[in-house]
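*Asks:* All chains should be built: construct the whole structure from the sequences, respecting the hints.
Each protein sequence line maps, in turn, to chains F and P.
Residues 9 to 173, numbered by my numbering, are exactly what the first sequence covers, in order.
Residues 159 to 440, numbered by my numbering, are exactly what the second sequence covers, in order.
Certain hints may be false.
Only some residues are given here: those of chain F computed to face chain P with a beta carbon under 8 Å [claimed, not checked]:
1) Leu46
2) Ala63
3) Gly81
A short, non-exhaustive set of chain F residues, derived as facing chain P with CB atoms under 8 Å [as the list claims (entries may be wrong)]:
4) Phe29
5) Ser30
6) Glu38
7) Pro58
8) Phe66
9) Asp73
10) Ala74
11) Ser79
12) Tyr92
13) Ala127
14) Glu139
15) Trp143
Hints in this document: simulated from the structure, not taken from any laboratory.
Ideal Cβ placement from N, Cα and C applies to all residues, glycine included.
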Amino acid sequence: MRRGESLRFWFVIALLVGLQFSVRSHLGDERIAPDFLLLALLTYTIRSRPGQSAAAGFIVGLISDALTPASFGAGALAHTIVGYLSSWAKAVFFADNLLVNGGLFFAGTWLRNAILVLASGKFSGQQLTWELFVWSPLEGVTTAFAGIAMLVIFRSWLAVRMGES
Amino acid sequence: MALGADRYATRGDTFVFVVTLALSLVAMSLPPTSRDPIASSLRRTVLWPFLQLQSRSDQLRTSRAAYVEVEAQRDSATLAAGELSEIRAENNRLRALLGLGTRLGSGFVPAEVLHQAAPTDPLTVVISAGSKRGVRPLAPVVAPEGLLGIVSHTEDATSVVATWANPEFRASGMASDGSVFGILAPHDSKGGVWLLEMSGVPYRTHVPFGTRILTSGLGGVLPRGIAIGTVVGSAGETEWDRTYLVRPAVPPGAVTHVMVLTNARNEDLRATFAPDSTKAQP
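*Replies:* Pasting the structure below:
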């Protein structure tokens, strides 16, 4: 990756992290507002190796756990798995396509939440059902839309080339 | 373009994945005494600027809302300025609408709730007030409508609150008239709505639906009289006791501003959380 490209890429990642802590709370219901931190992770995984993505997922998860200590460790586990799978799946299946990337953002968000609620062991019965089949898909949709908007706006900056990593 | 998995995920990648997976499992198995310092140090170092950013952002949102409210009040005042009696009446009304803070006196610390994206966010929330402002562990955290939870951990500038939705939450509750006592704990939800259950109510005692439940003050952690919720149904009974479902007064996912009670352990707050005073919130 050239230096200019690298700077632009990290600018977008930093922007997403900034949005998570400044704008997200203004976007309505916390359960379905887009998760910009996860979006930053998934954006990173698109152009990184699975090992790097797993490590990045672990760090993001640990940070997430520090902010919601009820499930300490579960966030790290969920983000690690999502980071690795996202990077691996991107390499195996994906073309550089807007809708496919949107699908990746949706699936990544849903899978992260599913692993998180199952691993934390704090949800059961109808709570679990609602979280898995209502709130998580809705959050996945909003995150996917936010991700697609980001890709449209910064498409030239985030051009994904498989061989680069 | 499709690439083979073996080309992309090398042994090194798999090794890193397995190591981070193992570290995650280790983190999950840590006891609270070990994981709390780790989480706390992350919040005090790496996350500190981000939490400050989130706190400022929430304050900005509040400022905008307050600005709109002040504008509306100014317009109302302009209209009312023609008659002094109108202004007096308005003044009296605004005095009646003074918030929870006024009723509580001085033993509280206001704070913003810094919500996060994780589904487990309603179980424990981070608030923007810490030990520097007098927040101590086990301090009750309330919203104008009632109890949100208890401070479980403090740092200089932030604190972690275990809400009533946390599986480890327990509180001694009573009916608002003091006739019935029971133990409150989280209950499995119905349709995504998080409820509490009040168990240990003597079998011979019937609690009408709609009864307000307050903290009883027993146990010495929560002061007497903080609103917890309203009885909405029966969850079951044994030969000895009944269990009732309680709809909590404060939804932890939606609350944005709270007050930490710093010196209320032995007080009786029933008047503060009386239904009329709650309705009188501006």
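*Asks:* Could you run down the list of hints and mark each one as holding or not?
*Replies:* Verification of the supplied hints:
no., hint, result
1, Leu46, "holds (7 Å)"
2, Ala63, "holds (6 Å)"
3, Gly81, "holds (3 Å)"
4, Phe29, "holds (4 Å)"
5, Ser30, "holds (4 Å)"
6, Glu38, "holds (5 Å)"
7, Pro58, "holds (4 Å)"
8, Phe66, "holds (4 Å)"
9, Asp73, "holds (7 Å)"
10, Ala74, "holds (4 Å)"
11, Ser79, "holds (4 Å)"
12, Tyr92, "holds (5 Å)"
13, Ala127, "holds (7 Å)"
14, Glu139, "holds (5 Å)"
15, Trp143, "holds (7 Å)"
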